[in-house]
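Asker: Each chain, written out:
Protein chains: 2
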Amino acid sequence: MPEFLKLTPPDVALETFLLNLPAAKLQSEKLPVIEAAGRTLAKDIYAIEELPAFRRSTVDGFAVQASSTFGASDSLPIYLQLVGESPMGGQPDFLVNKGQAAIIHTGGMLPEGSNAVVMMEYTQEASANEVEIQRAVSVGENVIEPGEDVKPGELLLTAGKIITPAVIGGLMSQGIQEVEVAIPPRIGILSSGDEVIDPYQTPKPGQVRDVNSYSLSALVTELGGKPVRLGVSSDQEEDMRARVREAMDACDALVITAGSSASVRDLTARILGEMGSPGVLVHGIRFRPGKPTILAVCNGKPAIGLPGNPVSALVVGGLFIKPMINHLLGRNTRLARPYVLAKLSTNTPSQAGKEEWFPVYLHQEGEKLIAEPIFYKSNLIFALAKADGLIRIPLDANGLEAGEQVEVFLI
Amino acid sequence: MPEFLKLTPPDVALETFLLNLPAAKLQSEKLPVIEAAGRTLAKDIYAIEELPAFRRSTVDGFAVQASSTFGASDSLPIYLQLVGESPMGGQPDFLVNKGQAAIIHTGGMLPEGSNAVVMMEYTQEASANEVEIQRAVSVGENVIEPGEDVKPGELLLTAGKIITPAVIGGLMSQGIQEVEVAIPPRIGILSSGDEVIDPYQTPKPGQVRDVNSYSLSALVTELGGKPVRLGVSSDQEEDMRARVREAMDACDALVITAGSSASVRDLTARILGEMGSPGVLVHGIRFRPGKPTILAVCNGKPAIGLPGNPVSALVVGGLFIKPMINHLLGRNTRLARPYVLAKLSTNTPSQAGKEEWFPVYLHQEGEKLIAEPIFYKSNLIFALAKADGLIRIPLDANGLEAGEQVEVFLI
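For the protein sequence lines, the chains are P and Y, in the order given. According to the working numbering, the first sequence is numbered sequentially starting from 1. According to the working numbering, the second sequence is numbered sequentially starting from 1.
Any given hint could be a false lead.
Stated by the list, open to error - Restricting the straight-line Cα-Cα distance to at most 27 angstroms, the calculated cross-link-like pairs of lysine-lysine (DSS-like) are:
#1 Y:K368 x P:K386
#2 P:K161 x Y:K386
#3 Y:K343 x P:K151
#4 Y:K291 x P:K204
#5 P:K151 x Y:K386
#6 P:K204 x P:K30
#7 Y:K226 x Y:K161
#8 P:K386 x P:K368
#9 Y:K386 x P:K43
#10 P:K386 x Y:K322
#11 P:K30 x P:K6
#12 P:K161 x Y:K343
#13 Y:K43 x P:K386
#14 Y:K322 x P:K343
#15 Y:K43 x Y:K161
#16 P:K322 x Y:K386
#17 P:K322 x P:K25
#18 P:K161 x Y:K226
#19 P:K161 x Y:K368
#20 P:K322 x Y:K322
No lab work stands behind these hints, which were simulated from the structure alone.
Work out the full structure: start from the sequences and follow the hints.
Answerer: Take a look at the structure:
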C-alpha cells in the first residue's frame, strides 16, 4: 500500500525548495548584443562613455543666454537677433552672445555661449532675422548637460538582469557590442511509466504516447533553460535508478514525470532520496492538479518529480520549474505572477484545503473579460492546450461563484 | 512652425488602427511540432485518433463489476476474489467476473468483464487472494471510456492559436509530427535623423548612436515578427521618401522612428500619407512618453511612426506593434495586458489629459510588492533598461499618491 503523503502548502513548498538550493555556479559565454535577447547578464555592466556626450536641447526652440530673456512675457516680449540654426548631428560653427538666439531642435547641440532653450511655443517669428521671446528661461532650462544621464564608470545594469529590448538599446547606446551572458542550465527531462511510449510510435492497447517530454521541453526552453530529453524509463526500480543517476550526473537539474500510479511515484521519491543530501524536501503539495509532486535537492542539484498526467505536469511545472531555472541562471527577477481580472461565468467547485487551478477560456463582453472554466474528466491535455489562462482557487475556499472576479494567469 | 497635433486617446487610436487593417494574408510553412513552440497555428487541427484509446482507470484501486460491490460499507464490507493485476502498458489477459476484482493502477486498462474501479482508499487486503471492499461503486465510476476525451474528427485547436507547451503536448498525444504555422511577418525598421549614426561607429560631436533599430528589432522578434533592419535615413525629404517606399514594398509592415524634432516628425507623417490610402489615421496620442506617434495603413500595409527617443519608441512600440503583429499572424489572442499589483512608494505627478507611463523598480517588502518610480530628466534608455515594469497613470488623473495601489506591467 502506498504511504499517505504529508501535504505542504504550495508557497511553503517553493520556499523550502529555493532555500535548499546552493548559490548558482554560473557558467557564461560572450555573445554579440543583438543575439543576446532573452538571455541573462552574467556580469555587471558599467558605463564606458558619458551620455549625453554633448550639451543637448530637450525641446524644439531657440538657444539663448538665459539672461537675454529675463523679464520677457506675453505682454512685454523681448526681441533677439537670429544668428543661425544648430545643425542636427553636427557642431554649430557660431556663437550665441547676449541679445542673440539660434534655432535648435530636440537633441541638437547648444551653440557656444548659449546656456538655455526657449520652447518654440513661447516664441514668434518677428522678422527674417529676429525672434520674439514671450517667456523668460533660467540657466540650464530645457538643456541636458554632458554626463547628466550616464557618467563613465557608473553601474548601469547588474548581473542577473534579463536582456530585454530596452537593455539591448542601452548597451547599443554605449557602443557595447558584446555581452557576457549565463549559459542556459541543462535540464534533464525523464518520463517514466511502463505504459509510456515514444510519441512517434503507434500505441498498442494499454499504451499512451509520451507527451510530457515534449511539453516540458518546450516549457524549459520558454523559461530560459536547455532541455535534455532523456526518453522514457520503465517502472522497474533498477532501470529508473540507473537513468536518474545518469541524468543527475549529466545535467544541472532533473525533471522527472513519475508515472501515474502511487506506487511508482513512491519509487521515484525513494530513488531521488538516494541521489545525495538533503534529498527529498517535499513530497505532496496542497495543490490540484499535481498533489504528488516531489521537490528534492541532491548534492547541490535540484530535482523535481512531477505527476505523470500531462496537465498536472505542466501546471505544477510552471510553478516550480520557472523559479528553479531563474535561480540556476542567477536571475534577479521577482516571483510576481502577472494576471488579468475577469468575471467568472459559472460556479466552480473546489475542495477546501487544496489550492486548485482551472484552465479557462477568456471572452470579451463589451469592456469586460469573462473567464469560462474548462471542466474535464480526466487530465486531458487539450483542456490546457485550448485554454487562454488558469484561475486559482485559494487553499481555504470551497470554490468560486459565477459573477465573482477572478485572477486569470495567461498561458 | 510645426502644426499642432489633434491628440487621440490611446484606446481609440488602437481601435482605429486595427479596424483599418485588412484581413491578414497568411503565408504558412510546415514545421516539426517540436520546433514550432511560440509560433501560430495556420490551420485548424482535427483529431486523428480517439483518446483515450482504451478503457482506463482514473485512480489506483481495484477493477470490479459494479454490481459485485452493491451494499458494501465500512461496517459491512464485501470480500472479492483477487484474480490478477492489470499490467501498465499492456492488455490484461484475464476476465473479472461477478465476485472478483483485479489490481489496477491509474491509467491502466480495465480487464474484460469489469466496468468500475474501487479506489484504493476504500479497500483493504483481506488475504493473499481476497480484497475487502468498503464502499460500493456505480457502473463507470473512476473509469474513462474510449473517445471520452477526444473523438476522431473533432476540432481540437483553431487556427490563430499560439503554440504553447500544452499545444505541443496535445499534438504529440495525437501522434501529429508536423504542423502548419504562420510565417512571421517582415517588419521593416527604419531609423531617421541626421544626428543618428550606426551604433558600431564612434559618435562625433552632435551625433548619437542608433538605439531604436536594435531595441525595436528585439521587440519585434519577441512579439513573433521578423525584423528587417533598414538602417538610418537622413532627414532629407527625398532620401526619406525613397527609403519609406522601398520599405513598404519589401516588408509586410513598417516601423519608423521619426527623429526628435517636430518638423521631422511632420515630414514623416506627410511621407507616410503619400504611400497609399487610407494613409495616416492617427497623428498624436494622449500618451506620455510618445505623444507624436503616427499610425497609418497604406494600401493594406500598416505603418507606425514612433518618436525618436528610445524610451518613447519602446513604450509606444509595445502598445501598437504587439497587436499589429498579432493581426498579421492571424492570432486569436485577446488584448488583455496582465499586471501585478504593487504599492506605490512615492507621489508620482502626471498631467491630466494624458495617459502617462512610468518605469518602476519592484521590491518585495514582506508579502507586499513596492513599486518605486524611476524619474529621469531626458528620455534615458537606461531608465527603462533597469526597470522591472511600467505603471500607467490614467488619462484623467493628476498623478498618483504614495501608498496607492498600482497596476505594474512587467517588462
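Asker: Looking at the structure, which of the earlier hints fail to hold?
Answerer: 1, 3, 4, 6, 11
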